[in-house]
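Trainee: For the sequence shown, this note's numbering assigns the number 8 to the initial residue and increments by one for each residue that follows.
Since the hints were derived computationally from the structure, they do not count as laboratory data.
Zero decoy hints are in this set.
The following label-pair restraints were derived from C-beta to C-beta distances:
no., residue 1, residue 2, range
1, Gly146, Pro212, 55 to 65 Å
2, Glu191, Asp152, 52 to 62 Å
3, Glu50, Gly240, 27 to 37 Å
4, Glu162, Lys205, 41 to 51 Å
5, Leu236, Ile145, 51 to 61 Å
6, His229, Gly126, 26 to 36 Å
7, Ala215, Val180, 17 to 27 Å
8, Ala215, Glu191, 17 to 27 Å
Even glycine gets a Cβ: it sits at the ideal position worked out from N, Cα and C.
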Amino acid sequence: MTATTDVLIPALREVREAEAAIADRLRAHATVTPAEEYRETLERRIAGARGHVRRIDERLKTLQLQPRGLAQTAFGGAVHLTGMAVRLPLEVAMGIPAALLRGRATQRQLLKNTEREYGITAFAVATCRAGEHIAREIGDTDSSDLLDSIRRDDEDLLERLGPTLEQRAEAVVAATTKGAVIAEDQLPIPDYDTLNTKQITDQLPQLAQTDLAAVEEYERSHAGRSQILSKIGDLLEPPWP
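Model the full structure from these sequences, guided by the hints.
Mentor: As structure tokens, this is what we get:
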């Protein structure tokens, strides 16, 4: 069973991580997405991704051969397949803040969120496709069928995210054309229009990511001061989820 323990189990674990990352990413985005049909779609997809994780866990338990719920990896180490902790890919973990985002997202941030939803879902599709091929090659029909089902769900999500990306982009253009999406008195920095550049930039590091995005959009629609926009750009690296 070397092919199973050395190739298939790591592939299943990678799909599991990708699905767990989708659930975490969408959960973070749902907290700042307006209560509309798209938010309901996010919440349904969160449940679906979590369901995929559970199904993969069940398959991993079935495949384990070693006693006490352990399986050997391709790297010669042992991993627990029961109650396995979620380990997100580095680039995904870096994009999720320590605390949940608060407040209402701007149109620009909603666009960035959707872009990242699309990217992480595309990654999950790729891991499913690779794992599915591995399962077929070693003759594991059950694992192949499982990954095929998960891949189809993720591909459906990609199809739905495509038009949403376009709608978000159009909303950003509309918001820029009409002016800031929030008024000056709604900004996280009090008396914003009365402050000079240094007074504003000094306060930026203390702001949450959503607040930084709001200030950026307001600033672009008004004074457009390059020093403030540059500082915000630095603080928004790595991108928010």
